[in-house]
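2 protein chains.
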Amino acid sequence: MDYIKIPMDIEKRSFEIIGEEMGDHNFSDRELQIIKRVIHTTADFQLKDLTYIREGAIEAALELLKKGVTIYTDTNMAASGISKATLKKLNCKVECYVGREDIAEIAKERGITRSMAAVEKAVEEGVEFFVFGNAPTALFKLKELTLAGKATPKFIVGAPVGFVGAAESKEEIEKMDIPMITIRGRKGGSNIAAAIVNALMYMIIR
Amino acid sequence: MDYIKIPMDIEKRSFEIIGEEMGDHNFSDRELQIIKRVIHTTADFQLKDLTYIREGAIEAALELLKKGVTIYTDTNMAASGISKATLKKLNCKVECYVGREDIAEIAKERGITRSMAAVEKAVEEGVEFFVFGNAPTALFKLKELTLAGKATPKFIVGAPVGFVGAAESKEEIEKMDIPMITIRGRKGGSNIAAAIVNALMYMIIR
Numbered sequence: 001m002d003y004i005k006i007p008m009d010i011e012k013r014s015f016e017i018i019g020e021e022m023g024d025h026n027f028s029d030r031e032l033q034i035i036k037r038v039i040h041t042t043a044d045f046q047l048k049d050l051t052y053i054r055e056g057a058i059e060a061a062l063e064l065l066k067k068g069v070t071i072y073t074d075t076n077m078a079a080s081g082i083s084k085a086t087l088k089k090l091n092c093k094v095e096c097y098v099g100r101e102d103i104a105e106i107a108k109e110r111g112i113t114r115s116m117a118a119v120e121k122a123v124e125e126g127v128e129f130f131v132f133g134n135a136p137t138a139l140f141k142l143k144e145l146t147l148a149g150k151a152t153p154k155f156i157v158g159a160p161v162g163f164v165g166a167a168e169s170k171e172e173i174e175k176m177d178i179p180m181i182t183i184r185g186r187k188g189g190s191n192i193a194a195a196i197v198n199a200l201m202y203m204i205i206r
Numbered sequence: 001m002d003y004i005k006i007p008m009d010i011e012k013r014s015f016e017i018i019g020e021e022m023g024d025h026n027f028s029d030r031e032l033q034i035i036k037r038v039i040h041t042t043a044d045f046q047l048k049d050l051t052y053i054r055e056g057a058i059e060a061a062l063e064l065l066k067k068g069v070t071i072y073t074d075t076n077m078a079a080s081g082i083s084k085a086t087l088k089k090l091n092c093k094v095e096c097y098v099g100r101e102d103i104a105e106i107a108k109e110r111g112i113t114r115s116m117a118a119v120e121k122a123v124e125e126g127v128e129f130f131v132f133g134n135a136p137t138a139l140f141k142l143k144e145l146t147l148a149g150k151a152t153p154k155f156i157v158g159a160p161v162g163f164v165g166a167a168e169s170k171e172e173i174e175k176m177d178i179p180m181i182t183i184r185g186r187k188g189g190s191n192i193a194a195a196i197v198n199a200l201m202y203m204i205i206r
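Protein chains in written order, with my numbering: chain A, 1 to 206; chain B, 1 to 206.
Worth double-checking, as some hints may not be accurate.
A pair counts as met if it fits within one copy or between any two copies, since identical chains are not told apart.
Stated by the list, open to error - Result set (DSS-like, lysine-lysine): computed pairs, CA atoms no more than 27 Å apart in a straight line:
#1 Lys66 <-> Lys84
#2 Lys89 <-> Lys154
#3 Lys150 <-> Lys89
#4 Lys66 <-> Lys93
#5 Lys89 <-> Lys108
#6 Lys108 <-> Lys67
#7 Lys121 <-> Lys84
#8 Lys89 <-> Lys175
#9 Lys12 <-> Lys48
#10 Lys84 <-> Lys12
#11 Lys108 <-> Lys175
#12 Lys48 <-> Lys150
#13 Lys84 <-> Lys150
#14 Lys150 <-> Lys67
#15 Lys89 <-> Lys12
#16 Lys93 <-> Lys154
#17 Lys84 <-> Lys108
#18 Lys48 <-> Lys88
#19 Lys121 <-> Lys150
#20 Lys175 <-> Lys84
#21 Lys67 <-> Lys48
#22 Lys88 <-> Lys150
#23 Lys48 <-> Lys89
#24 Lys12 <-> Lys108
Keep in mind that the hints were calculated from the coordinates and are not lab data.
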């Protein structure tokens, strides 16, 4: 069987095809890198219209990444999808609090979801870069903590997916004046959230 | 803010909404559990028509899961998305060969992709349950090894996503007489692949 075997060639050709098929747009070069990577990871062109990139959000994210930050993710899947080699080069790291032993205990004691307890812990530890690919409750929680003056997120990827609370959680977070990239409506997911972070990191490294 | 905070309630309500909105179908109860979980993880109803469940595939997968198997995944993301608690109850485990040190060395030596080297190693180690959410080349490789009489896969989840080789890799694997569930066309992904495995495991455990 004859097929392209070199990963970088596959990615390059994929991005060309996406560019040819996505039609007219007003995205900047950097915005386009995010949109294309999101479509690349899903083969879903609808995401061209669902991806919201707030003005100044890319610059805010790059500034954080360049100084070497801890990136909060709401799931292990999102953490897995973020390029470890690139994180390392940037002196950044990713942490998915939700799987930690101490988080499970806090959640149980207080009768809240583990994903909510995880956000609280991340905020306590001074995290500023938040990535949500799954849990609407975690995104709601971050808004609550921010309104209460307890959290000061500097960049958010808001991409929870689903049918109960996901769309609403993104509408709620968009009401806040914080640099962010969101996937509007029901769609989203850990794979998309990771793709957005990778696209941002590749603007610096690749 | 008022929102549903109990994960199991969110999932139950989500599945109800999916059932209400997905329209007419001819799926069996078990097939429906897979379809709904795939839609649940993507919010993409198109997957109702793209998911191909071969006759007898669910039964074949359940038989393997019940005896406690090693599940090959082509990415860490797919491995991350598969429920660890449920795997444990079933005495199954998941292994993503592609990240292993020895695989990187084999790939480099032979000038093949790490994902192809990973399939070869899994086959060598007797794996029968294969899950592909990303790499078309790995799926092509499994077909080659099977045709050569070197591999005997007993169940395949074929869900590579993308624009170069993904659709073709699934067409190729479907030509083989092996129990399988595939996502046809360009769509797919590690999240979908993991959702299919979880749906299968929950038929036994939950």
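Verification of the hints:
1. Lys66 <-> Lys84: Answer is within: at 15 Å inside a copy they meet the 27 Å cutoff, but 34 Å across does not.
2. Lys89 <-> Lys154: Classified as within: same-chain Cα gap 21 Å, cross-chain 41 Å, threshold 27 Å.
3. Lys150 <-> Lys89: neither (31 Å within a copy, 40 Å between copies)
4. Lys66 <-> Lys93: within (12 Å within a copy, 38 Å between copies)
5. Lys89 <-> Lys108: Classified as between; 22 Å across copies, 37 Å inside a copy.
6. Lys108 <-> Lys67: neither (35 Å within a copy, 33 Å between copies)
7. Lys121 <-> Lys84: Both: 23 Å inside a copy, 23 Å across copies.
8. Lys89 <-> Lys175: Neither: 34 Å inside a chain and 43 Å across chains, both beyond 27 Å.
9. Lys12 <-> Lys48: within (19 Å within a copy, 30 Å between copies)
10. Lys84 <-> Lys12: Result: close within a single copy only, 20 Å intra versus 35 Å inter.
11. Lys108 <-> Lys175: This pair counts as neither: shortest intra-copy Cα distance 31 Å, inter-copy 49 Å.
12. Lys48 <-> Lys150: Result: close neither inside a copy nor across copies, 34 Å intra and 43 Å inter.
13. Lys84 <-> Lys150: neither (30 Å within a copy, 33 Å between copies)
14. Lys150 <-> Lys67: Only inside one copy: Lys150 and Lys67 sit 23 Å apart there, 50 Å across copies, limit 27 Å.
15. Lys89 <-> Lys12: within (22 Å within a copy, 42 Å between copies)
16. Lys93 <-> Lys154: Intra 16 Å, inter 38 Å, cutoff 27 Å: intra-copy only.
17. Lys84 <-> Lys108: Close across copies (19 Å), not inside one copy (31 Å); limit 27 Å.
18. Lys48 <-> Lys88: neither (30 Å within a copy, 39 Å between copies)
19. Lys121 <-> Lys150: within (11 Å within a copy, 50 Å between copies)
20. Lys175 <-> Lys84: neither (32 Å within a copy, 36 Å between copies)
21. Lys67 <-> Lys48: neither (30 Å within a copy, 44 Å between copies)
22. Lys88 <-> Lys150: neither (29 Å within a copy, 38 Å between copies)
23. Lys48 <-> Lys89: neither (29 Å within a copy, 41 Å between copies)
24. Lys12 <-> Lys108: between (47 Å within a copy, 21 Å between copies)
Hint check: violations occur at hints 3, 6, 8, 11, 12, 13, 18, 20, 21, 22 and 23; the rest are consistent with the structure.
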